[in-house]
Amino acid sequence: MADVSDFQQLKLDSIIGFGGTVPGGLIKHRDGIHTIYSLGSTVVINDSRKKNSQEFLQGHTNVVSCIAISKDGKQIASGQVTHMGFQADIIIWDFEERKLLRRLTLHKVKVQALAFSPSGKYLASLGGEDDNSVIVWDLEKFAAICGSPASTDSSGVTLSLTYLNKDDHTFVTGGFATLRVWELNVTQRKIRAADCQTGQIKRIVKCIAIDFDDEFMYCGTTTGDLLQVNLRTKLFKHSGPPKEKDLFSQGILSAALSPQGDAVIAGCGDGTIAILKLPKLSIIKSTKVSGSVTSITFDDDKTFFAGTAYSNIYKISMDDFSPSLKSTCHYAPINDICFPRDSSDVFATASDTDIRIWNAHTSAELLRIAVPNLECKCITFKKDGKSLISGWNDGKIRAFGPQSGRLQYEINDAHKRGVTALAVTEPYNDRGDFRIVSGGEDGQVRVWKISKQVQHLEDAMKEHKGTVTCIKIRKNNLECVSSSSDGSCIIWDLTRYVRNQVLFAPSFFKAVCYFPDESQLLTSGTDRKVAYWEAFDGSLIRELEASQSDTINGLDITTEGKYFVLGGSDKLVKVYRYEEGDVAFVGVGHSTDIMKVKISPNGSHIVSVSAEGAIFSWVLPKA
Amino acid sequence: MATAAAPHQFPAAQATAARAKGPQVDPRTKPVPIPGDPHDETVYRLIPEEYVVPPKEQRYRSQFADQARGEYNSNRKSTASMGPAKVQVNHPSEFLKRGDRAKITVPGEPALAAEPAAIASEVGAGDFLAISDFASFRCALVDKGQPDRTVRKAPVPKTLGDAIQPSHKNFIKQNALDNINSSAKKTQKSHPSYLAKRDYGRTPDYLKRCISELKEQEYRHARELLEMESSKNVHEGVVPLPDEERSKILNGLKANWEKLNSDYQRLSLTVDTVPKIARKVNMEQQLKQYEELIEKFSHTNIHLNFSGLFN
Chain Y
873 MADVSDFQQL KLDSIIGFGG TVPGGLIKHR DGIHTIYSLG STVVINDSRK
923 KNSQEFLQGH TNVVSCIAIS KDGKQIASGQ VTHMGFQADI IIWDFEERKL
973 LRRLTLHKVK VQALAFSPSG KYLASLGGED DNSVIVWDLE KFAAICGSPA
1023 STDSSGVTLS LTYLNKDDHT FVTGGFATLR VWELNVTQRK IRAADCQTGQ
1073 IKRIVKCIAI DFDDEFMYCG TTTGDLLQVN LRTKLFKHSG PPKEKDLFSQ
1123 GILSAALSPQ GDAVIAGCGD GTIAILKLPK LSIIKSTKVS GSVTSITFDD
1173 DKTFFAGTAY SNIYKISMDD FSPSLKSTCH YAPINDICFP RDSSDVFATA
1223 SDTDIRIWNA HTSAELLRIA VPNLECKCIT FKKDGKSLIS GWNDGKIRAF
1273 GPQSGRLQYE INDAHKRGVT ALAVTEPYND RGDFRIVSGG EDGQVRVWKI
1323 SKQVQHLEDA MKEHKGTVTC IKIRKNNLEC VSSSSDGSCI IWDLTRYVRN
1373 QVLFAPSFFK AVCYFPDESQ LLTSGTDRKV AYWEAFDGSL IRELEASQSD
1423 TINGLDITTE GKYFVLGGSD KLVKVYRYEE GDVAFVGVGH STDIMKVKIS
1473 PNGSHIVSVS AEGAIFSWVL PKA
Chain U
24 MATAAAPHQF PAAQATAARA KGPQVDPRTK PVPIPGDPHD ETVYRLIPEE
74 YVVPPKEQRY RSQFADQARG EYNSNRKSTA SMGPAKVQVN HPSEFLKRGD
124 RAKITVPGEP ALAAEPAAIA SEVGAGDFLA ISDFASFRCA LVDKGQPDRT
174 VRKAPVPKTL GDAIQPSHKN FIKQNALDNI NSSAKKTQKS HPSYLAKRDY
224 GRTPDYLKRC ISELKEQEYR HARELLEMES SKNVHEGVVP LPDEERSKIL
274 NGLKANWEKL NSDYQRLSLT VDTVPKIARK VNMEQQLKQY EELIEKFSHT
324 NIHLNFSGLF N
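Chain order of the listed sequences is Y and U. Its first residue numbered 873, the first sequence is counted upward by one per residue in my numbering. Its first residue numbered 24, the second sequence is counted upward by one per residue in my numbering.
So here's chain U without its partners, still in its complex pose (with noise of 0.2 Å):
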């Protein structure tokens, strides 16, 4: 029922659910399979699907049907249709007897051949027999389960015929003396020996050449790039600063900041009133100042901006 989920008393917090049905479902749609995992359920498949009926194709009509019609309502029984049989039958008395269907032949066949005529006159009447009429005749009496003795197979062969000489040879020695003959089979070449080349395990020449072809080329690349750039500098007022000149500054600079420092740690330790905070303070930015300088000349690579000066 669709609302089994509704009015009754469930263990707590077991979840139940109903698909709905009942209300509204059209008998024309096919119910969505479920799929065995719950983690495959999709709500894009929920609805089920509309069932569209497939048009039905147009029932048989047998092309004879209005002849088949016709000859049924005309009243001939279907298995009256050939008529009486057209052969004449043996009396009841002259049924046929032991022995009697070996006295049946095929026509044609010289051996036991004999007259159709005669034939029939055996069979009873003794009135003449079409040759077509025979046949269906002797159908008539060869039993359905037996083979059809009436049909002669092809005689068995008089001769003999050639028999085949054994052979004399003996395989066994034979095979034995080819194999004691034969040269030993021939093993496989073997594979070129990379270990036992002259160069196994080095770099190669060729390698070689090329990285120091590279690298050659390379500082040459990086050279010209100095080259011009350093052209570059010194058309546009940019010069490099002389390393000595660079370090001559820095150590004037440390010893400035030692000089600063000293003075500073020996201030006095009751820092109170307005002077001694401004003389605590203007050493303290000059000592950020002095750190800074030193920071920025510890540097290895420092260029020269003089165009200002020149404009």
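Bound-form chain Y, shown alone (with noise of 0.2 Å):
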């Protein structure tokens, strides 16, 4: 097959992502206006003058693990996660120039912290806890120069390093009941160790944030108090806060010097980000966030930006230290997305953790709804929008009133285990009465009739042995179509509840779409094909190797049916002419699986949903 290259690329109109668990993942590059940030495998560098300029570095094979920045600003590093067994590469990208520089490949499996130099000469990886390794490379040649393993046998995993902010040679690590001090000779081609005597006192330290005079080291650490090490004498000097009662639960997990050097700010487990003043570090000031705080990144003297692993992003000043939210996001695998009917403004999304609804043009959040401990697989809103009705995995389906998230009704037991497929027919009556399609993980296929009041089930048809996935309603609300994973594909009769054919493929099928004229069906699976179906005898017409490598997953066609859009494990959005079977357009920029495309009611543009939680949207050029 022809390489993605070759095909037109579709143009990435907004980014809505960003991945908060990596510690330290979310930096400010000294220009003051860019943020660099990794969202699933790929870099992110946004600018912040212009709405939705993100910038992508791809190149990682897997999730990003950990990102650093040089001092200049010139040079990006970037470390991944992959499979046991396997090497995992550090990416050093030119910033200026957006491209990947040189791949280094030497740790194992993860690759957990990376840290430049002063000058930028020099990079010092650490190896994950299967790796347990040091590197120094030298960025001139992009070589490595030396390298040790990073804690000996009798401490435990090292998950932290930093560089010192005056001196090439010297970088600390530490981890499990380990803090040590590198020095690194060039010359000889060694990095020798000393440890740090913290005496009686045993952590596992998360971050270290080293002052601007390389004096004192201050360790985040997972009891939840801050270890100020003197770096000369590699003793244990304090540790603060002073009280015992105000260590921070959840731990310490990001700090940072505050650019006056006379305090340092620490961001917690539990959402806490405080400020502790030297030389005691009591705690002078402190706020809460959504989510641990895991990176902390000062804009100019007076603001910071922290990152939480709920993947919002706080701009926090110094003065009044009250969050205001910048930017938000999923964090959980995107299960669903769905438009009104008729209007490209608003889309919902449904995650593991909540629904949100989002403004299509200015990426805003408009509106979320969590419902504890619960996951939400399916989501559709009514025909005349007025309600919002998704699926869950308790076997539930519940409404809510679009504006406000209220419960409008909930069915309970609607299916067992979970509801994964749902659609909507239009009133049938005047009094706005309706019926709900859906679909579980036990095989059935049940049909509801709503009104305000009461709902109730109309009929149960059972024939799918699995998984419903998908369900889609003719126009004339007399017929649907289901697709399991059992590899069958029913279109059942909506006025006496039974079959009236069946699609086998040797599949597990995941999309089912009508041709707009509703007079052919398209289906797509794990057989990595779509499939053209007549809907009239269920006899199948054409069959596309859409895929060479993975599942589809998305499959929506245009109102027109000029095009039908695909998204799958392969990472890749692809447009394909239906007529023709061929590709149009190929969107790449996802680093995990996409869960779901659709492509919004005015057709102008394609939103994909992938695991990591990110929202891309595409411009769908016109024919």
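No lab work stands behind these hints: they were computed from the structure. A portion of the hints provided could be inaccurate.
[What the hints assert, rightly or not] Lysine to any residue pairs mimicking SDA-like chemistry, simulated, CA-CA at most 25 Å apart: (1) Y/Lys993 x Y/Phe1084; (2) Y/Lys1324 x U/His62; (3) Y/Lys1321 x U/His62; (4) U/Lys53 x Y/Ser1216; (5) Y/Lys922 x U/Val76; (6) Y/Lys1198 x U/Glu72; (7) Y/Lys1347 x Y/Asp1365; (8) Y/Lys923 x U/Glu72; (9) Y/Lys923 x U/Thr52; (10) U/Lys53 x Y/Arg1278; (11) Y/Lys1117 x Y/Lys1152; (12) Y/Lys1149 x Y/Thr1095; (13) Y/Lys923 x Y/Ser886; (14) Y/Lys1255 x U/Pro58; (15) Y/Lys1324 x U/Arg68; (16) Y/Lys1157 x Y/Gln1132; (17) Y/Lys1187 x U/Lys53.
Fit chain to chain and form the complex, with the hints in mind.
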């Protein structure tokens, strides 16, 4: 098959996404304009001057685990995770040119942390638990200078790595009961470690900040205190906050020195951000945000950004210390996406943690609905847009008011195990009563009669043997098609509630849709093929091998039927011509499995959602 | 806070919703009011309306602004614009005393008229006062809250005028008499009694006439059609089967069927050999055929087509 670059690329309009779990993963560039963060396996450079102007550094084969930027801001280094037994890459990127400079491959399985030397001549990298090595790289020759086991056998895993601010030859590492200062000798190609003496105190160090004079380092621990250690004598000096009751719960995950150098800002696992005033490390200000604070980066002397594991970015001013939310996105896999009928202005996404409604033009979050400890598997809007209907893994169907997110009604025990597919009909009387066709993990397709006060089961159609993955209803509301992971698609009669046709394929069907005139059906599934079927008699018309490697999860067709869009585990969004059956456009950008794709009702955009929680909006070119 | 929903623990299965605010909400947007009933909400009203700030009207500027500004800047006090009072004022020792007010009269009124000059002299200096000045002067003399006593009302009329003579009419008696003498009020005319009509409750004659005419017409029409049909049928070689002939055929068929059926009933119970099977099947077929024919000839209206015979 031809390479991806041979096809016309889809233009990316905007992205809603931020990988918040990477420690120190949110970095403000020193030019004050750009923000650097990771999203799945992509490194994103965001320009704060313009809306929706992200640039992507793509090259990693798996999720990015750490990012670092050199002091002069010219180079970015990022490390990744890979499968057990394989080598994980470090990639050095040129910031100005936005291109890959070199891959450095020595670590196994995971790169835990990266740090540039102050002059930018060296890069220190720390491997993960299975690698347990520290390597120093020469960035002029892009070659490793030397390496060493990160910790002794008696102590545990090393988790963090930081370079000193002025010394090109000294860096520190910290981890499970280990805190070491490393001296680099370039001529001898050796690094020597000196353990810091902390006496009785045994801590797990998650992050290290070093003051501007390289005098002390401040180590954030899982215990929730900050250790002050003298770098010259390598002796523990002090720990704070002074009172034991003030220790931060769930530990300190990120720390940064204030620009004045008189305080340490600590971001904690429970979402607390606090200023610990030197020299006593007493808490002078503190605030709380949503999600554990994994990165703190200063914008200017007075404000800093905090990134949290719930993929929120907050801007906090040092004066009033009140957080203002700058951006937010999903942080769990997105299961479904839907547009209201005839409106491309808003769309709703359902992830494992919550349902959100977004403004399609500004990428602003308009509404969030969360039901604790439950996962939403599918959503759809009622035809008149007055209700957001969702299927959950506790087997309930819940309907919410789309403006306030209040619960309108819920149908208990709609399906055994979970509800996985939903579709709604037009209202059948003047009171606006309508039907919901739902599919579940139990393989049943059920029809519900919904009125304002009461919802009851009309009929249950039990033919599928596996999870129902997708349901589509004809425009006349008399027939629907359901796809299932048992390898069959069934066309149902919605007046007699019996099977009209059945389509078989050696595949777990993932999606099905009608051609606009409803004479043909399109299906996709794990057999990597898109199949055209006759809707009348269920005969196979045509099969396209739409992906070389992976499942096709999402499928949608334009309103006039000229194009259809696919998205799958091969991480590509592909636009096919329906008649010709060939690729028209390809969208590259996702770094994990694409879960669903949808074309906006006005046909101008394609929205694709993926397992890392990112929402990509692509421009669909006019024919 | 925008993310109130996220980290806290909520009672199970109780949905929490947060209207997102903070990150990208434009300050120039109007929040959309949320209806009281969740069923009335609609997604199409979710996006806050763009609030266009109405253009400000031009600031009011008086047409005298420049003049006023000039006057203000000319260092003259606003109260000083009139200049000093152009009246000779009393000497402090000659303040108004009791009864002085009565001496002041309105010029032109004869009764208490006094020469303005006299008043002026009485007031003080004895200088001549212009009439116009006098008016303003008089106003100055009268207290603000008091009625202006200097203005005289019209005098009380001297004569009493003509009094109206009382009426001697006895209205009560007159009314009683009127009522007694008047004839009784006529009651309203009753409606015509339809019950008394001759053909009440029966179908009107004209309708009967119409119905019979219609029936006759219909009958005639049907007969014409039938005639036309038969003539056409004859023409095309289609002839109706006479009833007696039909019954004859039907009876014959029935008789045949009876006979065959009785034979069939008498067949042996064990149908084992090939000729026996063949015989049974054959008889069944024939019976079926007879039944079909009987069914066919049971219809009363049968037409025979001879057209095939002639060509």
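Outcome of the hint check:
1. A threshold of 25 Å between alpha carbons decides the hint, and for Y/Lys993 with Y/Phe1084 the separation of about 19 Å falls inside it, so the pair holds.
2. Restraint check for Y/Lys1324 and U/His62: the C-alpha separation of about 8 Å stays at or below 25 Å, so the hint holds.
3. As the CA atoms of Y/Lys1321 and U/His62 are separated by approximately 16 Å, the hinted pair is consistent with the 25 Å bound.
4. A C-alpha spacing of about 21 Å is found between U/Lys53 and Y/Ser1216, which places the hinted pair at or below 25 Å, so the restraint holds.
5. With a C-alpha separation of about 24 Å, the suggested pair Y/Lys922 and U/Val76 falls inside the 25 Å cut-off, and the hint holds.
6. Among the hinted pairs, Y/Lys1198 with U/Glu72 is consistent with the structure: their alpha-carbon atoms are about 21 Å apart, no more than 25 Å.
7. At most 25 Å may separate the alpha-carbon atoms for a hinted pair to count; Y/Lys1347 and Y/Asp1365 meet this at roughly 13 Å.
8. At most 25 Å may separate the alpha-carbon atoms for a hinted pair to count; Y/Lys923 and U/Glu72 meet this at roughly 20 Å.
9. Distance check on the hinted pair: Y/Lys923 and U/Thr52 sit about 18 Å apart at the alpha-carbon level, within 25 Å; holds.
10. A hinted pair counts as satisfied when its Cα atoms are at most 25 Å apart, and U/Lys53 with Y/Arg1278 qualifies at roughly 21 Å.
11. The hinted pair formed by Y/Lys1117 and Y/Lys1152 meets the criterion: a straight-line CA distance of about 16 Å does not exceed 25 Å.
12. Annotation: proposed proximity of Y/Lys1149 to Y/Thr1095 holds, straight-line Cα distance about 19 Å (limit 25 Å).
13. Annotation: proposed proximity of Y/Lys923 to Y/Ser886 holds, straight-line Cα distance about 9 Å (limit 25 Å).
14. About 19 Å separates the Cα atoms of Y/Lys1255 and U/Pro58, which keeps this hinted pair within 25 Å; it holds.
15. A distance of roughly 20 Å separates the Cα atoms of Y/Lys1324 and U/Arg68; the hinted pair therefore holds under the 25 Å criterion.
16. The hinted pair formed by Y/Lys1157 and Y/Gln1132 meets the criterion: a straight-line CA distance of about 16 Å does not exceed 25 Å.
17. Between Y/Lys1187 and U/Lys53 the alpha-carbon distance is near 24 Å, which keeps this suggested pair within the 25 Å criterion.
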